[in-house]
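A.B. asks: Mind the numbering: the sequence shown is residues 1 to 563 in our numbering, read in order.
For the record, the hints were derived by calculation from the structure and aren't laboratory data. Source: prediction; values computed, not measured. One or more of the hints may lead you astray.
[Stated by the list, open to error] Cross-link-like lysine-lysine pairs, in silico, DSSO-like; alpha carbons within 30 Å at most:
hint: 1; residue 1: 45; residue 2: 245
hint: 2; residue 1: 245; residue 2: 434
hint: 3; residue 1: 504; residue 2: 314
hint: 4; residue 1: 434; residue 2: 362
hint: 5; residue 1: 212; residue 2: 143
hint: 6; residue 1: 425; residue 2: 472
hint: 7; residue 1: 506; residue 2: 472
hint: 8; residue 1: 314; residue 2: 212
hint: 9; residue 1: 425; residue 2: 245
hint: 10; residue 1: 493; residue 2: 472
hint: 11; residue 1: 87; residue 2: 314
hint: 12; residue 1: 493; residue 2: 506
hint: 13; residue 1: 434; residue 2: 472
hint: 14; residue 1: 493; residue 2: 434
hint: 15; residue 1: 45; residue 2: 87
hint: 16; residue 1: 314; residue 2: 143
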Amino acid sequence: MTDIAGKSGRRAGGDILRVTDLRVEVRTDRGPGPVLVDNVSFDLKRGAVLGLIGESGAGKSTIGLTTLGYTRGGCYITGGALNFEGKDIRQMSGAERRALRGPGVAYIAQSAAASFNPSHTLMQQVCEIPVRHGIMSEDDASKEAVKLFRELELPNPDTFGNRYPHQVSGGQLQRAMAAMAMAARPDILVFDEPTTALDVTTQVEVLASFRKLIREHGTAAIYITHDLAVVAQIADHIMVLRHGKMVEYGTSDQILQDPRQDYTRRLVADRVAGHSFRADLNTGEAPILAVQNVVASYRSLAKVIDGVSVEVRKGDTVAVVGESGSGKSTLARVIIGLLPRQSGDILFQGQSLPPALANRSKDQLRRIQMIYQMPDVALNPNQTLLEIIGRPVQFYFGRSNAEVRTRVLELLRMMDLPEAFISRKPGELSGGQKQRVGIARALAAEPDLIICDEVTSALDQLVGEEILRLLKRLQDELGLAYLFITHDLGTVKRIANKVAVMLKGKLVAGGETSRVFAPPYHPYTELLLSSVPEMRSDWLDQVLTGRAKTIAAVKAAQIQVPG
1 MTDIAGKSGR
11 RAGGDILRVT
21 DLRVEVRTDR
31 GPGPVLVDNV
41 SFDLKRGAVL
51 GLIGESGAGK
61 STIGLTTLGY
71 TRGGCYITGG
81 ALNFEGKDIR
91 QMSGAERRAL
101 RGPGVAYIAQ
111 SAAASFNPSH
121 TLMQQVCEIP
131 VRHGIMSEDD
141 ASKEAVKLFR
151 ELELPNPDTF
161 GNRYPHQVSG
171 GQLQRAMAAM
181 AMAARPDILV
191 FDEPTTALDV
201 TTQVEVLASF
211 RKLIREHGTA
221 AIYITHDLAV
231 VAQIADHIMV
241 LRHGKMVEYG
251 TSDQILQDPR
261 QDYTRRLVAD
271 RVAGHSFRAD
281 LNTGEAPILA
291 VQNVVASYRS
301 LAKVIDGVSV
311 EVRKGDTVAV
321 VGESGSGKST
331 LARVIIGLLP
341 RQSGDILFQG
351 QSLPPALANR
361 SKDQLRRIQM
371 IYQMPDVALN
381 PNQTLLEIIG
391 RPVQFYFGRS
401 NAEVRTRVLE
411 LLRMMDLPEA
421 FISRKPGELS
431 GGQKQRVGIA
441 RALAAEPDLI
451 ICDEVTSALD
461 QLVGEEILRL
471 LKRLQDELGL
481 AYLFITHDLG
491 TVKRIANKVA
501 VMLKGKLVAG
511 GETSRVFAPP
521 YHPYTELLLS
531 SVPEMRSDWL
541 DQVLTGRAKT
551 IAAVKAAQIQ
561 VPG
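Generate coordinates for the entire structure from the input sequences, incorporating the hints supplied.
C.D. replies: The structure is reproduced here in structure tokens:
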């Protein structure tokens, strides 16, 4: 039985949660399915934070949800006990479990945007839990909400709650979800990948806010993530999981500095591995893509892309980096033609591309393809891989059904996917396998340029690395060029020979990666680099100490830093 106690400075106490031999299985009409959690045990004391880490399918989120007495559809708790303050959650009635959720255990999801009701104000939603549970009156709940907004350093805390979810940034919405979870003063907070979708600068602020909240309220927490460097900033102890089993458990410092199991060593080694910068190819060839002083906006809004120029040559990987709202993905939409540019020009192989997608030729469409961040959304769940990958083959080249099947099998082999997958649908694949299908679909058009939009940000660390290696191999074999949109600067250093740094729709730095990421930095580039989590438990403290100086330098460069 692993025992998690809080760090000094937190209000530690007796066990608040004891999980013993927890077992969760899938059950179908055809009988038992896979075991998702296999005899996992731990104790959690008041004020302590346990980090759960592992790749997709390790059982992290499943364990977190069981602490609320909940499992996803088709999943069942088939063994073990979950004792919350001495009472087994499994034995609670439905009414008792509902009473537990909110005041006892509260949940902070990965996607705040998908978790809030867009038709209600933030104040209404933050106040709902304490009011419905009879803990506070509406007036008291509103006062508590404002107090939490202030603690979480949200802008204009007295009026922040009057906004609707779409009126605040991603980082602010994630902190608003923390306020909603804390409104009923729970004993345990479950954080389920709460910073995965955030850019690095926003992640620092949100992590600092979460840690402050936990420490000031003495709340116990379970922090679920696939990033060891992130969890080390907030957790006392870390449990490494794989295939539903506990691989290793220890203090954060021990797991980072002295991992004892081979799998944990792989996670640590992969995260801390040094990567040399890719050399600039400098072939002297004309660029296949030249974005020249492009300006674009959404309807009556201010310029979202403001005078941006980027060049991509054959074999290049040009990374476009910046925080949320910097214009990275919008630039991709402009290049593809989904958002017509207002001025400037986009040349592809020396010819000007029509601004709108509808006005481009089939050959122009074929030569620029895109791989999307979320394969769950990008792939039709009702189609087989033969249909998904085969459609571009038939559409662009007019191949027969037999030829389409042969080409799809070839692409599956290229993706290191079994040929038997040709009859499967996306729902039968893992996250990494789905992303490989997205890559295969792009390659089916035989493009010259592929735009990769945050293609690894939704994947766990090891799977993401496999996808990056696959993309590099395909580039070497096929001579592809990539425009790689990301907020992960560690990824940029590993794969990109050139980089373009964007802020507020403008290009603030660009050129060879080794030069852009070497001092003297542009002040905003320095802010981005300093925000990449490092594998030290004291990293966040050091970053916050020096952050004011860095932001002051950015402001001195007459750049507005987002809040």
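A.B. asks: Run every hint past the structure and note whether it holds.
C.D. replies: Do the hints match the structure? See the list:
no.: 1; hint: 45 with 245; result: 22 Å, holds
no.: 2; hint: 245 with 434; result: 24 Å, holds
no.: 3; hint: 504 with 314; result: 28 Å, holds
no.: 4; hint: 434 with 362; result: 26 Å, holds
no.: 5; hint: 212 with 143; result: 19 Å, holds
no.: 6; hint: 425 with 472; result: 26 Å, holds
no.: 7; hint: 506 with 472; result: 28 Å, holds
no.: 8; hint: 314 with 212; result: 48 Å, violated
no.: 9; hint: 425 with 245; result: 28 Å, holds
no.: 10; hint: 493 with 472; result: 13 Å, holds
no.: 11; hint: 87 with 314; result: 63 Å, violated
no.: 12; hint: 493 with 506; result: 21 Å, holds
no.: 13; hint: 434 with 472; result: 18 Å, holds
no.: 14; hint: 493 with 434; result: 25 Å, holds
no.: 15; hint: 45 with 87; result: 15 Å, holds
no.: 16; hint: 314 with 143; result: 59 Å, violated
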